[in-house]
Amino acid sequence: MGPENVQPAIVKFAALDKLLGLGRANSLWPMTFGLACCAIEMMATGAARFDLARFGAEVFRPSPRQCDVMIVAGTISKKMEPAIKTLYDQMPEPKWVIAMGNCAISGGPFVFEGQYGIVEGADKFLPVDIYIPGCPPRPEALIEGILELEEKITGTRRWPRVEAG
Amino acid sequence: MLDMLYVAAFTLGGLLFAVGPFVIAHLLAPRSTRQIDQRTKQPIECGVEPIGEAWIRYGVVFYLYALIFLAFDVDVLFLFPVAMAYNTDAGLGMRDFIEIVIFVAILALAIVYAWSKGVFKWDRRTYNQPS
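Those protein sequences? They're chains A and B, same order as listed. At position 148 of the first sequence the residue is numbered 148 (this note's numbering), and the sequence of numbers has no breaks. At position 96 of the second sequence the residue is numbered 96 (this note's numbering), and the sequence of numbers has no breaks.
Each hint should be verified, as a subset may be incorrect.
[As the list claims (entries may be wrong)] Simulated pairs of lysine-lysine, DSS-like, Cα-Cα distance not exceeding 25 Å:
no. : chain 1 : residue 1 : chain 2 : residue 2
1   : A       : Lys124    : A       : Lys78
2   : A       : Lys18     : A       : Lys152
3   : A       : Lys12     : A       : Lys152
4   : A       : Lys152    : A       : Lys124
5   : B       : Lys41     : A       : Lys124
6   : A       : Lys79     : B       : Lys41
7   : A       : Lys85     : B       : Lys41
8   : A       : Lys85     : A       : Lys152
9   : A       : Lys79     : A       : Lys124
10  : A       : Lys78     : B       : Lys41
11  : A       : Lys85     : A       : Lys124
These are calculated hints, taken from the structure and not from any lab test.
From just these sequences and the hints, can you work out the full model?
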């Protein structure tokens, strides 16, 4: 499941990789893919007020073959799990997964004795890169998650870090 | 001669512009993708497993429907030049009107014919093969 299974590109230089990483980090293409109420916050993030376009991640693609980032926004039911697996399989390689909201992190409020319908966390079956806590997380939190992902891709933080307080 | 060179240069540039990205993507993209369900090659992209094939038999009703659409379509096609030329010669326009009514009436016969043949009844149809 790790990146060690990925066949590398034909042409590969360290400097070129850094450049490509910079390009990818600043034009992440998430998938139009909402599972529950977190998706509403995701839509708000993409819309005018919070304007994800400022960070280059506004191109929500309706096809997994054009996506970089899968934002698992919401509760994963066991019925939905095979569909999510298929979508993840169909994304081309430089790909990342963001688990947005408590349900996608750990099952959230659905974890209780005798629970039978919910997958308790996206990392049960996906290699999650970024976790965004909240129920649901505010749009700012999603933006922060995407900035964290950019940092993970390039190794440096492009935008100033905002201290809580 | 110089013009031909320009054309050749622009054609070459256009080709490079179109083919170049494919070549670059082929060279720079990772050659495989991580899979957890072995479904990268599945043609349907909405997560759901495909139900059957696309090469199935459709009802012949759709074909008849398309034919009748042609009848209406040709009507409209010929009515555009009519609309351009209509009433340009400062007359009362009665002659133009009668001509267009005759024309549309003749074309409408196709629809009347189809109607009388029962094309507009949306049924599954079976035809007897000529023996």
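Hint by hint, here is what the structure shows:
1. A/Lys124 x A/Lys78: Holds - the C-alpha atoms of A/Lys78 and A/Lys124 are around 12 Å apart, at most 25 Å.
2. A/Lys18 x A/Lys152: Holds: A/Lys18 and A/Lys152 sit about 12 Å apart, inside 25 Å.
3. A/Lys12 x A/Lys152: Holds, at about 19 Å.
4. A/Lys152 x A/Lys124: Holds. A/Lys152 to A/Lys124 sits at ~21 Å (cutoff 25 Å).
5. B/Lys41 x A/Lys124: holds (23 Å)
6. A/Lys79 x B/Lys41: This hinted pair holds, its Cα atoms lying about 21 Å apart.
7. A/Lys85 x B/Lys41: Answer holds: A/Lys85 to B/Lys41 is near 13 Å, not above 25 Å.
8. A/Lys85 x A/Lys152: OK: A/Lys85 and A/Lys152 at ~23 Å, within 25 Å.
9. A/Lys79 x A/Lys124: holds (15 Å)
10. A/Lys78 x B/Lys41: holds (23 Å)
11. A/Lys85 x A/Lys124: holds (11 Å)
When held up to the earlier numbered hints, the structure conflicts with none and fits them all.
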